[in-house]
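Below, each chain spelled out in residue letters.
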Amino acid sequence: MSIMQYNGGCLVGMKGKNCVAIASDRRFGVQALGLSTNFQRMFSVSNRLYYGLAGLGTDVQTLSEKFRMSVNMYKLKEERDIAPTTFASLVSSTLYERRFGPYFSEPVIVGLEKDDTPFICATDLIGCINFAKDFVVTGTSSEQLYGMCEALWEPDLEPEDLFETISQAMLNAVDRDALSGWGAVVHVITPTQVITRTLKGRMD
Amino acid sequence: MARRYDSRTTIFSPEGRLYQVEYAMEAISHAGTALGILADDGIVLAAEKKVTSKLLEQSASAEKVYVLNDTMACAVAGITADANTLITYARQQAQQYLYTYGEEIPAELLVQRMCDLKQGYTQYGGLRPFGVSFLYAGWDSHFGFQLYHSDPSGNYSGWKATCIGANSSNAQSILKQDYKETGMTLANAKSLAVKVLAKTMDSTTLGSDKLEFATVSKGKDGKIAFHLFSAEEIDQLLKDENVAQFKEEES
Chain F
1 MSIMQYNGGC LVGMKGKNCV AIASDRRFGV QALGLSTNFQ RMFSVSNRLY YGLAGLGTDV
61 QTLSEKFRMS VNMYKLKEER DIAPTTFASL VSSTLYERRF GPYFSEPVIV GLEKDDTPFI
121 CATDLIGCIN FAKDFVVTGT SSEQLYGMCE ALWEPDLEPE DLFETISQAM LNAVDRDALS
181 GWGAVVHVIT PTQVITRTLK GRMD
Chain D
1 MARRYDSRTT IFSPEGRLYQ VEYAMEAISH AGTALGILAD DGIVLAAEKK VTSKLLEQSA
61 SAEKVYVLND TMACAVAGIT ADANTLITYA RQQAQQYLYT YGEEIPAELL VQRMCDLKQG
121 YTQYGGLRPF GVSFLYAGWD SHFGFQLYHS DPSGNYSGWK ATCIGANSSN AQSILKQDYK
181 ETGMTLANAK SLAVKVLAKT MDSTTLGSDK LEFATVSKGK DGKIAFHLFS AEEIDQLLKD
241 ENVAQFKEEE S
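Sequences listed follow chains F and D, in order.
To convert, note that position 105 of the first sequence is 105 in my numbering; the numbers rise steadily by one, no gaps.
To convert, note that position 56 of the second sequence is 56 in my numbering; the numbers rise steadily by one, no gaps.
Calculated directly from the structure, the hints in this document are not laboratory data.
Just so we're clear, the structure is a prediction, and the values are computed from it rather than from any experiment.
All C-beta atoms in this analysis are idealised placements derived from N, C-alpha and C, irrespective of residue type, glycine included.
Incorrect hints may appear among the rest.
[To be verified] Here are a few chain D residues that face chain F, going by a calculated C-beta distance under 10 Å:
hint, residue
1, V67
2, T88
3, A94
4, Q96
Let the sequences and hints guide you as you build the complete structure.
What follows is the structure, encoded as C-alpha cells:
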C-alpha cells in the first residue's frame, strides 16, 4: 500500500501549436472504495496558466490553497501575472521545503508564456522539474498515459486536434487503471481563450 | 517639561499622554491629503500626491492608494516607507486568513489585525510607532461596503466619510456639511470627493498628475472591482466637475 496510490487519480499535459492542454480524471476514493466523481485536481493561476496535482487528496487541496496564497501575494507585490517558468520554480521550491517530510503530490503545469509560446512541465513530489517538449503525465495511471501519449502525440497539433489527442490518451489510459477514471475534464488554452470540456467515459 | 518623557514610546507623560504617538500623528498632518467616502454601491478613495516633479516616473506604482486583496483597498497618509511595510503585512494577513478559512477576510478583521500591530509599537519593544494613517475601503458578505480609519496609536473607527493628512479638518467639515445620509451613490461620492479636494488642496490647480483616485464597487459579474483611475479618467472627472462649476458662475 503506497501512499501515492491511496486516493487515486491522474493528469496529463500536452503541447500543441500555439496552445497547450491539460486533462484530469475525476475519481476520488479510499483505496478500492470510490467516493467522489467530481474531485477537482486542476486549478487555474491565470487565464493563461493552469496546473494539476495528483496523489494524496488532502495534499492536493492544501497545496492548491498554498499556491493560491503565494500567487496572490506575488500579484499584489509585482503588479503582474506570474510567468509559467516562475510558477514552476515556485512549485518546486514549495515542495523541496518539505524535502524530508514531503507532500505526497506530483504536479503538472501547463501554460502560455508572455510571447504565447506553449509551456509544459511536471515535477516529482520533492520538486524536481521535468521541462518536457511534448507531454507530461502523473498519477496512478502514469505508465498507461506514457504509452497512450507516446503513441498518439505528434508535434504542432491545432487546438481542436490537441483536444482529441489528449482526450483519447486520458480515456483509454484510465480504463486500464482501477484507481483512476470516473469522468474526465479537459482545458485547452490558447492565446485568446480557454475551452473547458467534460468528457463522457466509462464510469466503472 | 515634556522632553523628559517623549524619547521612549513605552512611557506615559505625567499628564497621561504618549508623546511619540502624538508626534507620529503630527508627522501625518503634514502628509498629502487622503479622503474616503462611503456610498450605497461602493466607496471612493481620493488622495493628493505630495511628491510631484516632471522627472518622476509617473507610470510606476501608486504612492497613496494600494490594493490589499480581492475585496479591499486602502489609502495612506504619512511616511510612505512605513506604509509599505504595513501594507505588506496586511496583504500577508489577508492571504493567511484565506488559506486558513477558505474565504476572504472580513473588512473589520483586517483593520483590527493592522491596529493590533500598530498598538504593539506603542507598548512594547522600545521602537517608534508607524507614522501612517490608513483609510480602508472594503466589502464583505456580512456588512457590505465599509470605510475605516486607523491611526498610529492603533485606534480605528468606521466612517461614512472621512479625511486624513494635511488640511483634513477643513475637508472633514466640508464633508460633514455635504455628505447625504440617504441616496449617496458612487457617482455622487465621486463628485463630492473632487469638490472637497478642490477646496482643500494646497496647490492652486488640480491636475491628474497630483491626484490619485480609486473606487471599490461591485462589477456586473457580482465580483468586487477595484478601479484605479488613469490620468485621462481623472482629467475627465475634473472636467465634468469644473464644467459644472463654470456653468454656475455664468448663470
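Regarding the hint that T88(D) lies at the interface with chain F, is the smallest CB-CB distance below 10 Å?
holds, 7 Å
Against chain F, run the beta carbon of A94(D) and see if the smallest gap drops under 10 Å.
holds, 8 Å
Measuring from the C-beta of V67(D) to each C-beta in chain F, is the shortest one below 10 Å?
holds, 6 Å
Under 10 Å, Cβ to Cβ, is where Q96(D) needs to be relative to chain F, so tell me if that hint holds or is violated.
Because about 7 Å separates Q96(D) from the closest Cβ in chain F, which is inside the 10 Å limit, the hint holds.
Checked against the numbered hints given earlier, the structure satisfies every one of them.
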